[in-house]
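Same order as they appear, the protein sequences are chains A and B. Everything in the first sequence is counted per the numbering used here, starting at 2 for the first residue and increasing by one. Everything in the second sequence is counted per the numbering used here, starting at 3 for the first residue and increasing by one.
Hints listed in this document are in silico derivations from the structure and should not be mistaken for laboratory results. Remember, predicted model here, so these are calculated numbers, not experimental data. Misleading hints may appear alongside valid ones.
Quick partial rundown of chain A residues pointing at chain B, CB under 7 Å, derived from the structure [claimed, not checked]: (1) A32; (2) L44; (3) Y49; (4) Q51; (5) N54; (6) D55; (7) I61; (8) A62; (9) T100; (10) F107; (11) G110.
For every residue, glycine included, the Cβ atom is placed at its ideal position computed from N, Cα and C.
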Amino acid sequence: DGGITQSPKYLFRKEGQNVTLSCEQNLNHDAMYWYRQDPGQGLRLIYYSQIVNDFQKGDIAEGYSVSREKKESFPLTVTSAQKNPTAFYLCASMTHRGTDTGELFFGEGSRLTVL
Amino acid sequence: AQKITQTQPGMFVQEKEAVTLDCTYDTSDPSYGLFWYKQPSSGEMIFLIYQGSYDQQNATEGRYSLNFQKARKSANLVISASQLGDSAMYFCAMREGPRTSYDKVIFGPGTSLSVIP
Numbered sequence: 002d003g004g005i006t007q008s009p010k011y012l013f014r015k016e017g018q019n020v021t022l023s024c025e026q027n028l029n030h031d032a033m034y035w036y037r038q039d040p041g042q043g044l045r046l047i048y049y050s051q052i053v054n055d056f057q058k059g060d061i062a063e064g065y066s067v068s069r070e071k072k073e074s075f076p077l078t079v080t081s082a083q084k085n086p087t088a089f090y091l092c093a094s095m096t097h098r099g100t101d102t103g104e105l106f107f108g109e110g111s112r113l114t115v116l
Numbered sequence: 003a004q005k006i007t008q009t010q011p012g013m014f015v016q017e018k019e020a021v022t023l024d025c026t027y028d029t030s031d032p033s034y035g036l037f038w039y040k041q042p043s044s045g046e047m048i049f050l051i052y053q054g055s056y057d058q059q060n061a062t063e064g065r066y067s068l069n070f071q072k073a074r075k076s077a078n079l080v081i082s083a084s085q086l087g088d089s090a091m092y093f094c095a096m097r098e099g100p101r102t103s104y105d106k107v108i109f110g111p112g113t114s115l116s117v118i119p
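Put together the whole structure using the sequences plus the hints.
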């Protein structure tokens, strides 16, 4: 089945360590997005990529980095510069082919806890 | 700058009754899309309904309808005949730009809906 796979589902890290969250899609979607969600709050956009080898900052990009070397993959690195990285991270993709709405398709999320 | 407001942090509704979840948005772009998503306690995000800024009619999808008032920049979600499985967080979202664009999509803070038996 086509979909978006995020890994790991749960991740613990010590302060000062970088960590990379994986996001892979086999939907052949052009655009990919990373969001952060804190408890009881909405989703905030970290980065998004409309095409391979290009990406744009969202509203809370500081302390995060991304790459888009392949259409299928959009990994997110949470660096030690991110002051409060404990959160639920959601990856999503979007296409406009064969759809009238262009909605986001989401992965199941990765829950990062900094100890 | 884009902004989404959902003024109801929490809502209760009796099973089988209808409920309206409010959403207002702010944008200067004449072309945009509005979305509603449902997030159960499991954390998955479920797409419910879409309204384009140039769509003449309000969107409907089964028990979900979107009350789109463009002049007021309002896009309220109406859930008819509520079911226990409707208990979840509901998020309003907006994408600026035409339907074919891959621009940023922003979300509101959400409304927690609880359906009472």
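How the hints compare with the structure:
At a threshold of 7 Å, the smallest CB-CB gap from A32 of chain A to chain B is about 4 Å, leaving the interface hint in force. For L44 of chain A, the shortest C-beta to C-beta distance to chain B is roughly 4 Å, which falls under 7 Å, so the interface hint holds. At a threshold of 7 Å, the smallest CB-CB gap from Y49 of chain A to chain B is about 6 Å, leaving the interface hint in force. Hint status for Q51 of chain A: holds, given a least beta-carbon distance of 4 Å to chain B, under 7 Å.
Evaluation of the N54 of chain A hint against chain B yields a violated restraint, the C-beta minimum of about 14 Å exceeding 7 Å. A hinted interface residue such as D55 of chain A counts as satisfied when its beta carbon comes closer than 7 Å to some beta carbon of chain B; here the least separation is about 10 Å, so the hint is violated. Checking I61 of chain A against chain B by beta carbon gives a least distance of about 11 Å; that is not within 7 Å, so the hint is violated. Contact between A62 of chain A and chain B, as hinted, is not supported at the beta carbon level, the nearest pair being about 11 Å apart and thus beyond 7 Å.
The interface hint given for T100 of chain A is violated, since its Cβ lies 9 Å from the closest Cβ of chain B, which is over the 7 Å cut-off. Taken as an interface hint, F107 of chain A checks out: its beta carbon lies about 4 Å from the nearest beta carbon of chain B, inside 7 Å. Evaluation of the G110 of chain A hint against chain B yields a held restraint, the C-beta minimum of about 5 Å falling below 7 Å.
The structure fails to meet hints 5, 6, 7, 8 and 9 from the earlier list, while all remaining hints are met.
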